[in-house]
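In order, the protein sequence lines correspond to chains A and B.
To convert, take the position in the first sequence, counting from 1, and add 2; that gives our numbering.
To convert, take the position in the second sequence, counting from 1, and add 159; that gives our numbering.
To be clear, the hints were calculated from the coordinates, so they are not data collected in a lab.
Heads up, a few of these hints could be off.
When the alpha-carbon atoms are kept at most 27 Å apart in a straight line, the in silico DSS-like pairs for lysine-lysine are as follows [claimed, not checked]:
hint, chain 1, residue 1, chain 2, residue 2
1, A, Lys116, A, Lys158
2, A, Lys158, A, Lys111
3, A, Lys76, B, Lys298
4, A, Lys111, B, Lys350
5, A, Lys61, A, Lys215
6, B, Lys350, A, Lys76
7, A, Lys215, A, Lys158
8, B, Lys192, A, Lys76
9, A, Lys116, B, Lys350
Since this is a predicted model, take the numbers as computed values, not measurements.
Here are the chains, one letter per residue:
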Amino acid sequence: MALLEVENLGVFYGAIEALRGVSLCVEAGEVVTLIGANGAGKSTTLRTISGLLQPRSGKIVFDGRPIQNWPPHKVVETGLVQAPEGRKIFSNLTVEENLNLGAFLRNDKAAIAKDRERALEFFPRVRERLAQQAGTLSGGEQQMLAIARALVARPKLLMLDEPSLGLAPQLVQTIFQVIREINRAGTTILLVEQNANMALQVAHRAYVIEVGKIRMEGPAAQLAASDDVRKAYLGAH
Amino acid sequence: MADFAQTLMTTLAVGSLYALIALGYTMVYGILKFINFAHSDIVVLGAWISFTLTRWLFPAVGLDAHNPDSPAPPLWLGASILIAAVVACSLIGFVIERFAYRPLRKAPRLNVLITAIGVSLLLQNLGQLSFMFGPSPQKMPALLSNVELWRLSLPSSGGARNVVIGLVDVMIVGTSAVLMIALEFLVFRTKIGTAMRAVSYDLEASALMGIPVDRIISYTFMLGSALAAAAGFLYALKYPGLNQPAHTTWVLLGLKAFVAAVIGGIGNVRGAVLGGFVIAAVEQFGAYYLSSSYRDVYVFALLIAILLVRPSGLLGSTVREKV
Ligand SMILES: Nc1ncnc2c1ncn2[C@@H]1O[C@H](COP(=O)(O)OP(=O)(O)O)[C@@H](O)[C@H]1O
Ligand SMILES: [Mg+2]
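Same shape as in the complex, but just chain B (with noise of 0.2 Å):
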């Protein structure tokens, strides 16, 4: 019973992570049906821009950003790099789709592909240099005390054990809930979502409807990359131990949510979110109950299975078209 709510608040948390970071392979999978394979390293992009400004800003409210130690900061001080790294990386967001995959609209998708993979590398070789994030693993200074919030006494095996529930993984769960509702307002109660779920329809028949299709596609990539900011944020404030921007567990991580985004149905919203927690579940699980090592195997498996009996995913749409 412990155990279980303890494994259920990490899937919550760790849950919101690929929902947030699904949701950005999902959107832009929808208006342009290409896999941005770039997007894992926006999330790269969130944890180290956060990383470098936090290093730059405790000494401004009087800590030390080298001391483990260290105390933490006022909560606005985290907000506003929350915020500051939000809009960094949909302006970058922004950017890549602008002067990457603008020019290619009309190429085969196969170049698109191609060419995010080009933008991937690109993005992981800049943030290794020495004047951009460096070629080494860093440790984020704490912008949040994981203080204790509820601490619960339920039986276990071994006779009753106190399950914990923190700060972070709370604040993780609740940044995301309201980032992930202010999104759902927007795709399905606002003109500009209403006219992005029609681009994702059809392009064309969108442009005969006055819908500037180019800035609807700009403003997907911008809020994709704004949630995958946040993502990479949440992320370095629960493992604080930031590897550096090539390394194979943020790959895995992208690749991991890209599989929330495939079985939640790739294209649709909810879909991502559905995914995203559903991934988290068995992965916890079955690293908690089953072996640790194959945390990684149950997620693939899933995938693999959800995909034979469900090949658009969970909630996707099987029928496209009435003709």
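Next comes chain A alone, as it looks inside the complex (with noise of 0.2 Å):
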């Protein structure tokens, strides 16, 4: 059995349906990439699986449990965490209270301690600046807090939500490369990207959701180098 497995599902806005049905798992170990354009149901799906949303229909099971309905945190204390788009960084509060607020759910201190160190050591430029408010941060900062944020709360699974959003492309390029590294570290990962071409060169494999529906699945790999894809996605002619 996979550590995620999303099957089916529905959510609605309002009236307005912005999931259609989607399925897709995570194995345990992997790094596996939901790319789609703007719109395509992307953010949807992560904050549904986080419980943020409630789904009308489908099922969610993570690491053997149901968790469709859970609140918010008590999906985190599965090991299933997020960091949302937009980084969703504490403006008010210091780097390292943001940085602490990611183990909110543990007690163990010296296992705490231990995880912010590594998470730290992904993000030496954080290090640099845990006593500054959170909100003076660039962007790029921003992500790398909100990354290391997340892997304080030591996941099992990990999903990043554009995290590559509005960075210069040597950022991204950095950010990346600690996702690479995170995962050779023993993190599974769920990546979700807009910007599919990067995501699919760090990710095993790889699902294209557009408005709503799964319509591609597939090694990522052979997602880069199938015509669709290359076309839509990836900017070629």
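Quick one: dock chain against chain with the hints and give me the complex.
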């Protein structure tokens, strides 16, 4: 059984049907990417998995437990952690306080300190700014903090919603490099991206979502080579 | 000089009360972004619960609660009544949030606001029922004899005049200071406090951190109500002529505390305390040196002036988010 199994998810915003039966799965150890155009339903998928939205139909099973309709903090407790779109840093708190909030549900001080140390090793620039108000960080630093903060929760599965959004190309390279390293160190990753090019390089497998439905899926390399994907998402003509 | 010192002492005492009440408005606004109109009624409950307990407990220590010249009971009695009122009001605050506001979490802000007004009217009218506190004003028996702590002889326009610093004012300022320092510690130095600040900034992002948002909101209401109860108790200590629960003095007290929260920057805990003292200063000094008939006018005039210059209050942040 896969670590995360999403089956036939149907989600509405009022009368608007945002997801029309989305199914996907993530095996332990993988990097899986969910790519698609703006408004396709990527964030809606992650927000539903995290418990921020209630699905009207479908099933979400994580680590053997059906978690649809669980409140978000219970979902986090199972080890399913999301770094949301737009980073969602608490600008009114210090960088350090932001980081510590990632461990809100944990009490094992020594283990938290270790995970914090590990998270900061991925992002040395965050370490240099621990005492600063988080609102004063640059966009790239905020993204690093958002990922570091999620890591402090010690996720079994880390969901990243558009980590490259609005970042300079060089920073995008750095972020994706770290995503790869985090995965190598043992964390399973579900990566949502509009930057299909980069996402397909990092991921083992990929899903393509279009207007609330999965249109294609397969090994990342295979999708990257397919004509449809190249035309629609990789800017090839 | 003497007049100034006396007015300053009153400012500190009254300012402490405004600050305690303002904290509840500001914390709830900070998290749920609505004005909890029922907050001033928690102050009323705090005062009236204190009164009721005092009536009950005076005979237990051999005193007559109906005799205006009755000596004050031992200190522990007052302290226990304060604690009981605080506990009772935090539970009431919890219940109000749980059953009146939580079901409306996803409803438009206006619905919540109207509900808050409804809760306020409900509390006021319940309080006036004869089996509750009744429809008439009451005299709060003295829980603390207002002993003279210091007597300073200071120069004044008509020669030297004595300024008396009494125990009640000092107790009010001291108790409030302890509560505010404890709150400051809680909000800025503990995990729960960090969670409160996170939830007030971004409820959804907080949930994604694993913060049980509903529980944090409950804590916030309980904390605000606890401070309001303490304010009600201290108010009754200073002004023993307790008006009935729906009387306008209470509404005005709540309104001024709310103004204090707005002047300090609504949502900002330190701002609420600052606002409380600023309001009290304007009110007391204005009343003494200008004219006491306009004491409320000074407060609202200051509100308008400050909002014109700094729309988000003295300590309010103008820039909220970097996108
Ligand atoms: N809060 C909302 N209310 C109504 N519609 C929404 C809301 N959020 C997203 N949508 C709609 O749902 C669809 C999917 O959005 P989203 O999941 O954010 O897309 P993506 O993350 O792929 O860009 C879009 O058509 C969007 O307009
Ligand atoms: Mg999105």
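Structure-based check of each hint:
| no. | hint | verdict |
| --- | --- | --- |
| 1 | A:Lys116 with A:Lys158 | holds (16 Å) |
| 2 | A:Lys158 with A:Lys111 | holds (19 Å) |
| 3 | A:Lys76 with B:Lys298 | violated (51 Å) |
| 4 | A:Lys111 with B:Lys350 | holds (13 Å) |
| 5 | A:Lys61 with A:Lys215 | holds (15 Å) |
| 6 | B:Lys350 with A:Lys76 | holds (18 Å) |
| 7 | A:Lys215 with A:Lys158 | holds (26 Å) |
| 8 | B:Lys192 with A:Lys76 | holds (25 Å) |
| 9 | A:Lys116 with B:Lys350 | holds (19 Å) |
Comparing the model with each earlier hint shows a violation of hint 3 alone; every other hint is respected.
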